[in-house]
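**Q** Chains as they are written, first to last, in the numbering used here: chain A, 1 to 376; chain B, 1 to 376.
Because the hints were derived from the structure by calculation, they are not lab data.
A few of these clues could be false.
A pair counts as met if it fits within one copy or between any two copies, since identical chains are not told apart.
Unchecked claim - Below, a list of computed lysine to any residue pairs in the SDA-like style, where the Cα atoms sit at most 25 Å apart:
id: 1; residue 1: K287; residue 2: S82
id: 2; residue 1: K40; residue 2: R274
id: 3; residue 1: K304; residue 2: G237
id: 4; residue 1: K40; residue 2: R277
id: 5; residue 1: K40; residue 2: A317
id: 6; residue 1: K243; residue 2: Q155
2 protein chains.
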Amino acid sequence: MFTLTHNEKNSRARLGKLRTFHGQIDTPCFMTVGTQGTVKALSPAELESAGAQILLSNAYHLFLRPGMEIIKEAGGLHSFMSWQKPILTDSGGYQIFSLALLRKMSDEGVEFQSHIDGFKHFLTPEDVIEIQGVLGSDIMMPLDECVHYPCGRDQAEVAMRRTLDWAERSLRAAGQQGLRAAGQLLFGIVQGATYEDLRKDCALRLAEMDFDGFAVGGVSVGEPKNLSYNIAGFTLGFLPKDKPRYLMGVGLPEDIVAAVDSGADMFDCVVPTRYGRNGTAFTSAGKITVRNAAFARDFSPLDKNCTCYTCRNFTRAYLRHLFNTEEILGLRLLSLHNIHFYLDLMRRIREAIAQDAWKEFREGFTASYTRPALHP
Amino acid sequence: MFTLTHNEKNSRARLGKLRTFHGQIDTPCFMTVGTQGTVKALSPAELESAGAQILLSNAYHLFLRPGMEIIKEAGGLHSFMSWQKPILTDSGGYQIFSLALLRKMSDEGVEFQSHIDGFKHFLTPEDVIEIQGVLGSDIMMPLDECVHYPCGRDQAEVAMRRTLDWAERSLRAAGQQGLRAAGQLLFGIVQGATYEDLRKDCALRLAEMDFDGFAVGGVSVGEPKNLSYNIAGFTLGFLPKDKPRYLMGVGLPEDIVAAVDSGADMFDCVVPTRYGRNGTAFTSAGKITVRNAAFARDFSPLDKNCTCYTCRNFTRAYLRHLFNTEEILGLRLLSLHNIHFYLDLMRRIREAIAQDAWKEFREGFTASYTRPALHP
Numbered sequence: 001m002f003t004l005t006h007n008e009k010n011s012r013a014r015l016g017k018l019r020t021f022h023g024q025i026d027t028p029c030f031m032t033v034g035t036q037g038t039v040k041a042l043s044p045a046e047l048e049s050a051g052a053q054i055l056l057s058n059a060y061h062l063f064l065r066p067g068m069e070i071i072k073e074a075g076g077l078h079s080f081m082s083w084q085k086p087i088l089t090d091s092g093g094y095q096i097f098s099l100a101l102l103r104k105m106s107d108e109g110v111e112f113q114s115h116i117d118g119f120k121h122f123l124t125p126e127d128v129i130e131i132q133g134v135l136g137s138d139i140m141m142p143l144d145e146c147v148h149y150p151c152g153r154d155q156a157e158v159a160m161r162r163t164l165d166w167a168e169r170s171l172r173a174a175g176q177q178g179l180r181a182a183g184q185l186l187f188g189i190v191q192g193a194t195y196e197d198l199r200k201d202c203a204l205r206l207a208e209m210d211f212d213g214f215a216v217g218g219v220s221v222g223e224p225k226n227l228s229y230n231i232a233g234f235t236l237g238f239l240p241k242d243k244p245r246y247l248m249g250v251g252l253p254e255d256i257v258a259a260v261d262s263g264a265d266m267f268d269c270v271v272p273t274r275y276g277r278n279g280t281a282f283t284s285a286g287k288i289t290v291r292n293a294a295f296a297r298d299f300s301p302l303d304k305n306c307t308c309y310t311c312r313n314f315t316r317a318y319l320r321h322l323f324n325t326e327e328i329l330g331l332r333l334l335s336l337h338n339i340h341f342y343l344d345l346m347r348r349i350r351e352a353i354a355q356d357a358w359k360e361f362r363e364g365f366t367a368s369y370t371r372p373a374l375h376p
Numbered sequence: 001m002f003t004l005t006h007n008e009k010n011s012r013a014r015l016g017k018l019r020t021f022h023g024q025i026d027t028p029c030f031m032t033v034g035t036q037g038t039v040k041a042l043s044p045a046e047l048e049s050a051g052a053q054i055l056l057s058n059a060y061h062l063f064l065r066p067g068m069e070i071i072k073e074a075g076g077l078h079s080f081m082s083w084q085k086p087i088l089t090d091s092g093g094y095q096i097f098s099l100a101l102l103r104k105m106s107d108e109g110v111e112f113q114s115h116i117d118g119f120k121h122f123l124t125p126e127d128v129i130e131i132q133g134v135l136g137s138d139i140m141m142p143l144d145e146c147v148h149y150p151c152g153r154d155q156a157e158v159a160m161r162r163t164l165d166w167a168e169r170s171l172r173a174a175g176q177q178g179l180r181a182a183g184q185l186l187f188g189i190v191q192g193a194t195y196e197d198l199r200k201d202c203a204l205r206l207a208e209m210d211f212d213g214f215a216v217g218g219v220s221v222g223e224p225k226n227l228s229y230n231i232a233g234f235t236l237g238f239l240p241k242d243k244p245r246y247l248m249g250v251g252l253p254e255d256i257v258a259a260v261d262s263g264a265d266m267f268d269c270v271v272p273t274r275y276g277r278n279g280t281a282f283t284s285a286g287k288i289t290v291r292n293a294a295f296a297r298d299f300s301p302l303d304k305n306c307t308c309y310t311c312r313n314f315t316r317a318y319l320r321h322l323f324n325t326e327e328i329l330g331l332r333l334l335s336l337h338n339i340h341f342y343l344d345l346m347r348r349i350r351e352a353i354a355q356d357a358w359k360e361f362r363e364g365f366t367a368s369y370t371r372p373a374l375h376p
């Protein structure tokens, strides 16, 4: 399923190809987030032409709306949302703990109230696999217990042990339900909060199980950035070299560059589309806020190095006007540009690794991407 | 500028070609509304691929935001919004009377407060022409006085006389400012509320002036639909046959079909995009509200006769999901479909006229387009 095609000479950065039922993904890759079966403000055609090879969606959200009956009748998520390339579905564990009203948590599963209508649900790890079977995602994620930062060691250990137990049950369920035989991949998720011994223990235990890839969960949950980098880098070091490594929910461009350096292969984050809707654009010279008065008469594109539809056709002055007048085209054009920026960043990262020029790339990126304040 | 290419054999419906600086328009035509220099939720590329030959924008809105200095520096509205086909700009007279806080009205011009920031402005008909000169619109509209329904005869007559006076002044200003020599067309606007003698008087007086086309204003301002049809039909009959006739702010598909029958050539309306944002789609069998529970498991397209991106790729069940989850893609896809529906309707209208089959078309349209209630 996964071929490691190149190890960069002077770092832990690596190049790979991940084969899934709906197509092949070049890694390191960024997965655009389409939580509710749609990438916010963008069409499948736009994502395809931006070069997206895989999207991420969310089992919890789709389970609540439109519900599994409708997805089943539609013939699965690919058909429902009209996206024929690979999809990874997050189990929704994180959303159950952050969005839903959590009612009761046990080794058996999780009882919660929908954040939409308050309706009560109970889901076991096996249910969550079954849901992703109906969704027909190319890569499934098991139900896990994700803790917030800060979290005491005892609580972190209980959550990690439960996550391990659920990982085994998920693996068994995916086999029994015939999903892996049908081509759906399943990844394991490392938890353990900010405790290195727990992270190491969890990673090594998971590595013994027959997963198609491994994810580092529970980072970017409120901890300081340095701690986040350290825990991610530390954990990635214990994951099998011959399987894809997915750093969940990461991140900003500089976070992705740092994690590629630690050997991560896959990323997802709401940032490019969320920032796009809020009027912040990523450029090769850092972030800019288009509402800024400095752009009122700026008739240059968002990023002169960018070839996206937005940069080929529209000026900063026009984009500022669209945000000032609250026009939908503004958030569309910025979301589109930001996704282009992210996918182009991943292309440049892969190129640098292929040429054993990672160090030069990283230094060049840091020098040009100066990270001005979000709202200058 | 305008060539009447065919008079339909059994009706007043007509076929024409209107040449403007940025291209030719086949009439009868529908002008998609882009009030603030953008068609709500749609990109110029989408409008072009839907077959839009002309957009409508609004001088009043653009004068307030981003302001004329910025449009001037951008090189005009076409360049600012990245739309290289024809643009008609409404003067904004209607908006000044409906949106702005009207301060003072005189024969000289109109004093008002911006609906955005309360700032006070005074505009003469000459100013409004100058604004449209900076915008560089292909077709300019003079400042007029539009009255609401119902309106007493005395008030309607004062407004009509002032509109006539302003029409003459606008014509003179457009000449003196060199705008018509530079290729910008100018239309006259007939007012007169619901009074036939005022409408006739206004139309005949305008017809003596050197306008490039004529518009019927002040319809669809709250009057009953039959009265609206009658006044529009009556007024259109007094306008020169060799010039384009524009029925302002009209309308629903059935209104357009009725007005083509009375000899109208040009239309504009916010309905396709506004309804699209609210979840209502136009189909060959009438309007549907996609949020309707009846569509929860409807895996057919909005309109099986439609070839737009939405209908080629997405089901009613998916569109309903997008509206239920308040996803931006939903209003994008419905706006796009509705614009396709309108532009396709105009293509079918022109085809029917060309084949002298208007009566058959109109009967077929009425039979299939059954107009179910907006919220069934």
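**Q** Which hint numbers does the structure go against, in order from smallest to largest?
**A** Per hint list: 3 and 6 violated.
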